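Trainee: Please put together the full structure from these sequences, using the hints given.
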Amino acid sequence: MSLDVQSRQTDAGVTVLAPSGRLDVTGAPSLKDAVSEAVKNGQPRLVIDLEGVSFVDSTGLGSVIAALKMVRSSKGDLRLAAPNQQVRVVLELTTLDRVFPYFATVEEALTGF
Amino acid sequence: MTVFFPTSPRSRKRSLASDPAREAVQPFEFHATLTRLDDGLDTLHRSVELLRERTGRSADDRNLILFETALAEIGSNVLIYTGKHGTTGPPVEYALRLESDTATAFFTDHGPPIHNQEARAMPAPTSEAGRGLAIARKVLDELKYKRDGEVNTWRLVKRL
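Protein chains in written order, with the working numbering: chain A, 1 to 113; chain B, 1 to 160.
Incorrect hints may appear among the rest.
[What the hints assert, rightly or not] DSBU-like, lysine-lysine: derived pairs with alpha carbons at most 30 Å apart:
| # | chain 1 | residue 1 | chain 2 | residue 2 |
| --- | --- | --- | --- | --- |
| 1 | A | 40 | A | 75 |
| 2 | A | 32 | A | 75 |
| 3 | A | 32 | A | 69 |
| 4 | B | 138 | A | 69 |
| 5 | A | 32 | B | 138 |
| 6 | A | 69 | A | 40 |
[To be verified] Reference excerpt, derived from the structure (chain B facing chain A, CB under 7 Å, subset only):
| # | residue |
| --- | --- |
| 7 | 65 |
| 8 | 73 |
| 9 | 125 |
| 10 | 132 |
[Said to hold, decoys possible] Far from chain B by the CB rule (all over 10 Å, computed), these chain A residues:
| # | residue |
| --- | --- |
| 11 | 7 |
| 12 | 8 |
| 13 | 30 |
| 14 | 36 |
| 15 | 40 |
| 16 | 43 |
| 17 | 51 |
| 18 | 81 |
| 19 | 101 |
| 20 | 103 |
| 21 | 112 |
No lab work stands behind these hints: they were computed from the structure. Being a predicted model, the structure only gives us computed values, none of them experimental. For each residue, glycine too, the CB sits at the ideal point set by N, CA and C.
Mentor: Right under this line is the structure:
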């Protein structure tokens, strides 16, 4: 199962990336590419909409951490939105929920961003 | 090529004396031969989906989520290190069983030996790699690795 990543930009200049599928060892490179593209285009404020992500593994988490480093090195920031139960459990297990405070919806993530 | 054959329920007949709790722990068995990373991971997730259907658990069932998470971590490691990206060589054998509410998964592969798998701790939050085995060990009730000759065997156990 490959990971498809849709990208859109809000009126406020925030890029919303919406991956769909499994964010795992096979899907993580697609997310990394999409983040690189957004940062390269001078759009370092990112929301990753996780609603379409059915499953995340440690490599998928690694790609999100890489994304955070990339946007912060460009003086931007990253927010996660709409993770399912499996994603929330893995964030909690790895204590990455302290690094990535996540939002229930994309709209909430965009508020004040 | 992947082959799987979950066991059939003992009986689909219900009686007045039937106990839903007992039905939930009916034995389940799944076997597959894994040859490629992407297809192999699809098969692992499919096996858990069949287990979820068999046990009547929801998509949000925490123990099954933890088991599936560990299974994918060990399974991807096995498939990657065995080098089954479309190359020739002995395939990875996978089995999943459910008995008395305990799920047990087995992998057998001919990849290189794994060293210090017991010692791998959860890395710092900013680390981009190295969490797979630590996650699996943290969430499973038992994780056993054995090297026997040229063969690796993994045993993953989780009480559901």
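Trainee: Each hint should be assessed against the structure and marked as holding or not.
Mentor: Each hint tested on the structure:
1. A:40 / A:75: Measuring from Cα to Cα gives roughly 13 Å; hence the hint holds.
2. A:32 / A:75: Since the Cα atoms of residue 32 (chain A) and residue 75 (chain A) sit roughly 18 Å apart, the hinted pair holds (cutoff 30 Å).
3. A:32 / A:69: holds, 11 Å
4. B:138 / A:69: Roughly 26 Å separates the two Cα atoms, so the pair holds.
5. A:32 / B:138: holds, 27 Å
6. A:69 / A:40: holds, 14 Å
7. 65: holds, 5 Å
8. 73: Holds, about 6 Å.
9. 125: Result: holds, 5 Å to nearest chain A Cβ.
10. 132: holds, 4 Å
11. 7: Holds: least Cβ distance 22 Å, greater than 10 Å.
12. 8: The assertion about residue 8 (chain A) holds, with a minimum of 26 Å to chain B.
13. 30: holds, 13 Å
14. 36: holds, 14 Å
15. 40: holds, 19 Å
16. 43: Non-interface label stands for residue 43 (chain A): nearest chain B Cβ at 22 Å, farther than 10 Å.
17. 51: holds, 14 Å
18. 81: With a cut-off of 10 Å, residue 81 (chain A) remains clear of chain B, as the shortest Cβ separation is near 18 Å.
19. 101: holds, 13 Å
20. 103: holds, 19 Å
21. 112: holds, 24 Å
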